[in-house]
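**Student:** Generate the whole structure from the sequences, applying the supplied hints.
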Amino acid sequence: MPASDTPASDTGASDTPASDTAFDGTGKVALITGGSNGIGAAVARRLARGGARIVLADVDADAGTALAKELDGAFVRCDVREPAESEAAVATAVDRFGGLDVAFLNAGVAGGGGMGDDFDLAAYRRAMGINLDGVVFGVHAALPALRARGGGDIVATASMAALTATPFDPVYGANKAAVVGLVRALGPTFAEEGIRVNALCPSFADTDILTPMKGHLQDTGFPILDVDDVVEAFMRILGAGGTGDAWYVVPGRPSEPFKFRGVPGPR
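With the numbering used here, the residue at position 22 of the sequence shown is 22, and numbering never jumps.
Just so you know, the hints here were simulated from the structure itself, not pulled from any lab data. Treat the hints with care, since some could be wrong.
Claimed, not checked - Taking CB as the label site, the calculated pair distances span:
no., residue 1, residue 2, range
1, 266, 224, 43 to 49 angstroms
2, 21, 188, 18 to 24 angstroms
3, 226, 267, 35 to 41 angstroms
4, 49, 266, 49 to 55 angstroms
5, 185, 264, 15 to 21 angstroms
6, 226, 121, 33 to 39 angstroms
7, 228, 27, 22 to 28 angstroms
8, 21, 61, 35 to 41 angstroms
We put the beta carbon where it would ideally sit given N, CA and C, even for glycine.
**Tutor:** Next comes the structure, spelled out in structure tokens:
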């Protein structure tokens, strides 16, 4: 979602690039929700090229099945609003490939409606259920399998909408901000177990979710992220080894963790 034009040093972002190493996917097993298309599919292809075994979890069975065949992976139909379906997706990774090392909780939708006459309860519940509940249920389902491996990575797709105001889609901004808040809390919670939890926060990326507003963005000259840039940021998250971070991905800047300003304490 939209990023400020303010320099990184003025937004709370770190001025020092995060140190990282290349992530070695050899022998690793990755579960990707929302994996049939867009960012999820692009990350799946990148991880598979690096030697990882892939489980795609999505409601788009046709695209997911085709991609799983292409990658010699597995597909499981998964509505992330249902906890049991996330648990079944994790079970597929364990049963088919022997475990789980990376959970990319990426499923998401835009358009939760407004707060006035345009309030739509069904749209609100759908957006909150997929974008926030889906991450909560995904974390809960993945933890036992990651613990069995002695650690691993959970990466949740949030958005720049989590870090800046989004008046055009307030419900989306709310659930993505909640995802970042969750990640920041879970990072230190599971660090001693070797389980790293981070958020990926892209600006407008060239995926299907952008279709309704893509023409307007192009007309106004707003830069659109190439999906490959988001994939590179995802790989940097895995290679960096940090936890509890929200990595921004915006055109023209190297991706790194957003540095939140300190919260004032009591005097």
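**Student:** Using the C-beta atoms of residue 266 and residue 224, is the stated range 43 to 49 angstroms upheld?
**Tutor:** At roughly 44 angstroms between Cβ atoms, residue 224 and residue 266 fall inside 43 to 49 angstroms, so the hint holds.
**Student:** Residue 226 and residue 267, beta-carbon distance inside 35 to 41 angstroms?
**Tutor:** Violated - the Cβ-Cβ distance for residue 226 and residue 267, about 47 angstroms, lies outside 35 to 41 angstroms.
**Student:** Do the Cβ positions of residue 21 and residue 188 conform to the proposed distance bound of 18 to 24 angstroms?
**Tutor:** Holds, since residue 21 and residue 188 (Cβ atoms, about 22 angstroms apart) stay within the stated range.
**Student:** In this structure, is the beta-carbon distance linking residue 226 and residue 121 contained in 33 to 39 angstroms?
**Tutor:** Taking Cβ atoms as reference, residue 226 and residue 121 lie about 36 angstroms apart, which means the hint holds.
**Student:** Does the hinted range 15 to 21 angstroms hold for residue 185 and residue 264 at CB?
**Tutor:** Hint holds: Cβ distance 19 angstroms, inside 15 to 21 angstroms.
**Student:** Okay, residue 21 versus residue 61 on CB: inside 35 to 41 angstroms?
**Tutor:** With a Cβ separation near 36 angstroms, residue 21 and residue 61 satisfy 35 to 41 angstroms, so the hint holds.
**Student:** Can you tell me whether the CB distance of residue 49 to residue 266 sits inside 49 to 55 angstroms?
**Tutor:** holds (51 angstroms)
**Student:** Residue 228 and residue 27, beta-carbon distance inside 22 to 28 angstroms?
**Tutor:** Given about 25 angstroms between the Cβ atoms, the range holds.
Hint violations for this structure: number 3 only, all remaining hints satisfied.
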